[in-house]
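Just so you know, my numbering puts the end of the sequence shown at 548, numbered straight through with nothing missing.
Only true hints are included.
Result set (EDC-like, lysine to aspartate or glutamate): computed pairs, CA atoms no more than 16 Å apart in a straight line:
| hint | residue 1 | residue 2 |
| --- | --- | --- |
| 1 | Lys546 | Asp124 |
| 2 | Lys458 | Glu505 |
| 3 | Lys283 | Glu136 |
| 4 | Lys546 | Asp535 |
These are computed hints drawn from the structure, not numbers from a lab.
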Amino acid sequence: MLWILCLVLCSLLTPTRADPGALLRLGMDILNREVQNAMDESHILEKMAAEAGQNRPGMKPIKGITDLKVKDVLVPVITMNFMPGVGVFQCVSTGMTITGKSFMGGNMEIIVVLNITATNRLLQDEETGLPMFKSEGCEIILVSVKTNLPSNMLPKMVNKFLDSTLHKVLPGLMCPAIDAVLVYVNKKWASLNAPMPVGQMGTVQYVLTSVPTTTPSYIQVDFSPVVQQQKGNTIQLADAGGAEFPEDYAEGSSQLLLSAAFLTAELALLQKSFNVKVKDTMIGELPPQTTVTLAGFIPKVAEAYPKPKPLVTQIRINKPPKVTMKTGKSLLHLHGTLEMFAARWRGKPPVSLFVLETHFNLKIQYSVHEDRLQMTTSLDRLLSMSRKSSSIGPFKEKKLTGFITDFLQEAYIPVINDVLQVGFPLPDLLDMNYNLAELDVTENALVLNLKLD
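Construct the complete structure from the given sequences, taking the supplied hints into account.
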């Protein structure tokens with residue numbers, strides 16, 4: 096009774112927060128699929144049946160029965176239930192026909208329906224750090240036994256068969272099927288904690304925080320992702336507030352939660368790529384990027400450059416990008432400088448006109464392509480803009496708000512979106528097809544509601 100109470104309390108205390116990092120809720124939908132696939136791919140029951148007639152160590156001969164064979168193995172029906180704090184209870188219902196020759200010389204045929212039950216304990220491999228299932232307490236439960244033996248032979252022969260074979264041989268014959276299936280399932284975790292590249296900028300590695308936890312409704316896997324620059328420096332995840340799963344997902348479904356802090360660390364890998372120098376004079380629907388256009392907002396430019404000069408604009412992001420999330424909306428905060436130059440001819444370096452300290456937000460739209468998280472941005476707001484230096488004297492920077500806003504949208508955002516096409520790797524586990532996931536922006540997190548093929 097005390098043991099049951101402890102399990103209940105453990106399930107109630109199971110954390111549902113990613114603070115910071117990533118969190119996986121593995122529901123019965125995906126787990127059931129993986130076990131069924133493993134059973135189908137391995138053909139393990141058929142293999143076990145094929146070995147039944149072979150002489151193997153520990154298998155006792157059956158008196159009065161020769162040429163023992165097993166055939167017509169039924170398609171297994173798999174039932175599983177979560178065991179809080181332990182793992183998964185598994186029942187495989189199947190059947191088979193056992194044939195041979197009786198001591199009377201006639202053909203014998205016995206049809207057996209049985210259940211294979213076991214507890215699959217969820218552990219963490221000490222060497223690899225990966226999740227792993229280990230089978231315990233396998234039992235064979237006979238559901239029904241039918242035979243074609245003559246009725247006057249039934250009591251003695253069938254009892255002899257049950258005592259000498261079914262109850263003794265079947266566990267050794269069929270229980271390895273559970274272990275073999277778990278080997279297949281465990282292999283699906285094999286690449287989980289391998290470093291995955293983010294272009295040429297660095298890698299992301301999903302490392303387990305602790306042993307996965309089993310609750311009455313799902314298996315919870317906590318990750319402490321390692322985001323590492325190409326040079327080997329690790330980007331620390333900031334504590335940006337707890338991220339929680341919404342409570343309105345279907346019972347038995349699976350979700351992956353990526354915290355805003357984790358996405359912020361991933362974007363830090365790309366920070367240098369967000370530094371842009373724009374030399375084009377004609378950009379989209381913008382007016383010509385020349386000193387003449389700029390003079391319309393800052394008259395002193397015309398005094399300094401009476402003849403038109405092309406503009407060169409350089410944006411440098413001098414603080415790590417930051418992702419914030421509220422329900423239904425995600426923003427990318429960029430802090431940096433915007434410097435404008437007047438170009439000169441004959442290879443002479445451009446002349447700096449002014450430097451502005453800027454802070455602007457980009458709206459983020461998320462999607463998944465080829466098992467990578469993709470981001471596409473659009474300008475949300477230019478939040479602040481202040482003059483840091485100027486070679487043309489003081490001016491009211493607010494007059495540039497519209498000009499700079501249009502420039503960011505037309506010239507800068509497309510460059511950012513090109514950089515973001517590299518995508519961010521998602522956990523490589525259980526042959527997950529993330530392309531089918533439904534994405535939800537929640538408080539401090541992005542949640543992928545995982546779907547089956």
